[in-house]
Structure formats: C-alpha cells, structure tokens
Amino acid sequence: MRAMRVFAAIPLATVVALSGCSGGKEPSLMEIRSSSSTPDEFAILPNKPLEVPQDLAALPPPTPGGANRVDPTPIADAVLALGGNPARLSGAEVPGREAALVAQTTRFGMDGSIRQTLAAEDLEFRSAHRGRLLERLVGTTRYFKVYRPQAIDQDAELSRWRRAGVRTVGAPPPLADQ
Numbered sequence: 066m067r068a069m070r071v072f073a074a075i076p077l078a079t080v081v082a083l084s085g086c087s088g089g090k091e092p093s094l095m096e097i098r099s100s101s102s103t104p105d106e107f108a109i110l111p112n113k114p115l116e117v118p119q120d121l122a123a124l125p126p127p128t129p130g131g132a133n134r135v136d137p138t139p140i141a142d143a144v145l146a147l148g149g150n151p152a153r154l155s156g157a158e159v160p161g162r163e164a165a166l167v168a169q170t171t172r173f174g175m176d177g178s179i180r181q182t183l184a185a186e187d188l189e190f191r192s193a194h195r196g197r198l199l200e201r202l203v204g205t206t207r208y209f210k211v212y213r214p215q216a217i218d219q220d221a222e223l224s225r226w227r228r229a230g231v232r233t234v235g236a237p238p239p240l241a242d243q
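Counting the sequence shown from 1 gives a position; my numbering is that position plus 65.
These aren't lab readings, by the way, just hints derived from the structure by calculation. Hints should not be assumed to be uniformly reliable.
[As the list claims (entries may be wrong)] Computed spacing ranges between beta-carbons, pair by pair:
no., residue 1, residue 2, range
1, Ala132, Ile217, 34 to 44 Å
2, Glu163, Thr233, 20 to 30 Å
3, Arg197, Pro238, 41 to 51 Å
4, Ala123, Ala165, 43 to 53 Å
5, Arg228, Glu158, 33 to 43 Å
6, Ile140, Ala165, 22 to 32 Å
7, Ser178, Thr138, 21 to 31 Å
Backbone N, C-alpha and C define an ideal beta-carbon position, used for all residues, glycine too.
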C-alpha cells in the first residue's frame, strides 16, 4: 500500500518540478492558441511573386522598418486592397481637419520612446501578476481579472458625459427614467 502511494506521488512531483522550468519565456495573461498553422494576416493581401536576383552579393543591406525590393509601398498596397485610394496618402503632414486634435493631444509634448516605455512597464506588470501555479498549468486566461482595475466603467462614463450635457451620439439613447 505504501509503495502504491509513492508510485502515485512520483507523477505529481514531476509535474510540479517541471512547472518551474517555464520561467524563461515572457509572461502571458491571455491563453489563446491558434488552430491554424499560419497567421491570418497573410490572407488579407495578395502575395507578390518572389524574385531571386542573379547575384545575391549585390543585394542591398536590410533596412528594418523601411521599404524592400519585393514590397516597396506596403501601406499604399494595404490601402488599395481595403478599397481606399493610395493617392490620398500624404507624407507626415496632418490634414487640416485634424490639426486641432493633434495640437490638443501634443500640447504637453511627445515622448518618442513611449512604446518602449509602455512595453517595459507592461512586462513588469505581467511578471508581477503571473497567476497561481494551477492557473499556469491548466492555461487559464487571467487577462481580464488582472487588468480589471485599469478598465473604464463604460456605463459610469456615459452617465458622467450625459450629466455634463455632452451629446453622446455613438451610444444608445438614454432610457426614459434617466
């Protein structure tokens, strides 16, 4: 009987020991697995044919974030594929109808490294809120529970804006008792 208990405890001890081996990867709060073998992003745009140059040594060095030989205008191609007009894409200038919005949002300045700062802070937050051992073993999604304190209460915000007299055209009309 004692040997049976020891034999049953071995797999349990193995699972607990191996659960600590996954510490090298970035913490994930959403446990979503794709059932397909390729990302859906590749299905949106038609693929251009691949070209192999005669002299591979003559290829230019890669430019991360820049254009490449196969896809020199990726944004214009995406706009065209989605039914837009690529000719309306302009450089970095802001259209006149959006100048006031840009002026308001940048009135205190802009931080060029905001994405990197937020990514580092979010990684630290996710590392601190990894979840319990069984949640990690089973693959329970903890995203909504962890980020709930940072979420905006939509109903409270809608009521606040309506009390302030602001028209909320994107929201359903208020009920008769409100």
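Kindly indicate which numbered hints from before are broken by the structure, ordering the numbers from low to high.
-> Hints that this structure does not satisfy do not exist here, as all of them hold.
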